[in-house]
Amino acid sequence: MELLEEVVFPLLGGGSPWGAEDATLLDFPSGKLALTTDSFVVQPLFFPGGDIGKLAVCGTVNDLAMRGAKPLFLTLGLILEEGLPLETLRRVLRSAANWAREAGVQIVAGDTKVVGRGQADGLYINTAGVGVVKEGLQVGISRAEPGDLLVINGYLGDHEVAVLSCRDGLELKVQVSSDCAPLSSLVETMLSAGRVHAMRDPTRGGLASVLTEMAVASAVALEIWEERVPVREEVRAACEVLGLDPFLMANEGKVVAAVHPDDADRILMAMRSHSLGGESAIIGEVREGRPGEVVLVTSLGSRRLLRMPSGEQFPRIC
Amino acid sequence: MKYVDEFRNPELSRRLIQAVLGLGKRMTVMEVCGTHTMAISRSGLRPLLAPAVDLLSGPGCPVCVTSEADIARAIALAELPDIILATFGDMMKVPGPQGTLLDAAARGAQVKVVYSPLEALKLAQQRPEKRVVFLGVGFETTAPAVAATLITAKEQNVFNFYVLSLHKMVPPALRALVEQEDFRVEGFILPGHVSAVIGTRPYIFLAEEYGIPCVITGFEPTDILKAIYLLLTMEEPAVEVEYTRAVRPEGNPKAVEMMERVFEPCGAEWRGLGRIDGSGMRIREEFSAHDASLWEVETPPVLGDKRCRCGDVLCGRIRPLDCPLFARTCTPESPVGPCMVSSEGTCASYYLYEEAH
Ligand code: SF4
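Going down the list, the sequences are from chains R and W.
Its first residue numbered 1015, the first sequence is counted upward by one per residue in our numbering.
Its first residue numbered 99, the second sequence is counted upward by one per residue in our numbering.
Treat the hints as calculated values from the structure; they're not laboratory data.
One thing to keep in mind: the hints can contain errors.
Claimed, not checked - Distance ranges between label pairs, derived from CB positions: (1) W:Gln254 with R:Phe1042: 51 to 61 Å; (2) W:Gly376 with R:Pro1160: 58 to 68 Å; (3) R:Glu1020 with W:Thr250: 33 to 43 Å; (4) W:Gly197 with R:Asp1125: 34 to 44 Å; (5) W:Thr250 with R:Pro1024: 35 to 45 Å.
From the three backbone atoms N, C-alpha and C, an ideal C-beta is built for every residue, glycine too.
Using the sequences plus the hints, can you model the full thing?
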């Protein structure tokens, strides 16, 4: 347990209730408790705009935020491949601690396991998170209503392109930083600006997956206007070179929300004035219609289905 | 940015669509390359152009044209002891007689997805106790990078790095295609990336011997639309380049030279087209120490799902929707044929982007 005591505690445990006990006891405010967990695997461990530590904190914070919860506590479990340099681990933990502070959450429990060489790709992280939802607030993927407008807080695909730009041999000469960020404060801003019905962060599987999930869960149809969807020019260029689709690219700091049409402008303005929402846009609308169907109006004016991809998309080889 | 204005200008695209429709002509056009298929499906061009052009997809998805026997061989290699099979991601779910590479991995084989042959070489250097076999699938697009990697492996004595070369050349396949009896395509949209390597010369026979106009183009809607406009208005069949920002008529002589240094032409089996002389790329004697095709492996007999019509899809004889399994038995989650697996596959493109079900 030297690893915990000598490396992990000093970096994460400062001031937190980590200790020798098997479980941590926490004071909890009133309201509904939100609980989530996720595991994080990324290669390389460090990429422009982030690293696996930041990702593991933001990912779970964002999952809590999507239910309208204020994130309070995280746990952090590490699976380390034998031979991982201690300095790498330290860098990752320092980053996790920084971003936890930034997001206003405490890391209150954790664990480390070391596995043999070849049994893990450097370092895997699991985080679980607890948050609190204000009494009466109801936000969820199944609550989008016909008439709602769909908003997003900025450019699609930055995270995936940033990670791809580190891979050997792809020769992707773009400089894009991952959008990895804790969304809790942006979400708070949105919630106080107006009625937000449904929210989801388009991570793996991209915007197309999230919209399909929302349409299915809320039993509504969605219409998306391609021309309004913000995609950075560098990301478009990278997608062209690699044959990838921005709508399927992973993001780590984006939120798509279905909001009441009367409040949409106010929410949009509030988002645009937040540091994580400068490029926010209204990208579509919730409709009655075939439940679960997402239609994209392409910039050329044709209409086609937007489907959930199956598994990862890989760069073209032809 | 200038880039936006030129290639991604929806206004220009809309004008081009009107121009194409305004010609009042009709043509059956084949887009050879899977990346074009995907781009066309994604932008929704097919239905918009339907009154003027019947856009068929061709044999330009490297994963799709790989024969079942070759897939069986790749899976058999992966299951040898002390092997790591490194492959492009799209190969993982292609069914062979022993299941897929994913199934092989579940049985304990070590299969690793890489994004480039260079990643596979690095893997070999990091894991000297293993033999790393890179599954070389692709056309003239990926072959130069694999050639470069083999040259490096030889120079640096990375003895545990091997390649199973299933690479194929596009022009011989196009000849085989146009020679087919029921071939009805009147114009070709030729691949952008392949042509960036080989240039225009290898396609000239299409125009000169068969009288088929050809345009090499890029992957944005405006590129594709310009190519179609050119095809419809060309007076004498020729091979023209619209994709001038990436393709020079002479191609990339350096890449060709590298490819020719490492590989030599051989016969190869194409799904749908059968065996085509001189369309494969075998690793030359000089690099035989890295040639995994020389290994003896036992492979089960190939069965093939007789219901899968990938062969017909790849030759433009049918569209995915004409296959009775499309979107019913065969989906990206449980693909019956490779055309539903690869992101460049015609069936996958149609499934993801084209039709409502
Ligand atoms: S839909 Fe499936 S079974 Fe039919 S041709 Fe395509 S890949 Fe083969």
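Going down the list of hints, with the structure as the test:
1. W:Gln254 with R:Phe1042: 51 to 61 Å: holds, 59 Å
2. W:Gly376 with R:Pro1160: 58 to 68 Å: holds, 60 Å
3. R:Glu1020 with W:Thr250: 33 to 43 Å: holds, 41 Å
4. W:Gly197 with R:Asp1125: 34 to 44 Å: The hint (34 to 44 Å, Cβ to Cβ) holds, given that Gly197 of chain W and Asp1125 of chain R are roughly 36 Å apart.
5. W:Thr250 with R:Pro1024: 35 to 45 Å: At roughly 43 Å between Cβ atoms, Pro1024 of chain R and Thr250 of chain W fall inside 35 to 45 Å, so the hint holds.
Checked against the numbered hints above, the structure violates none of them.
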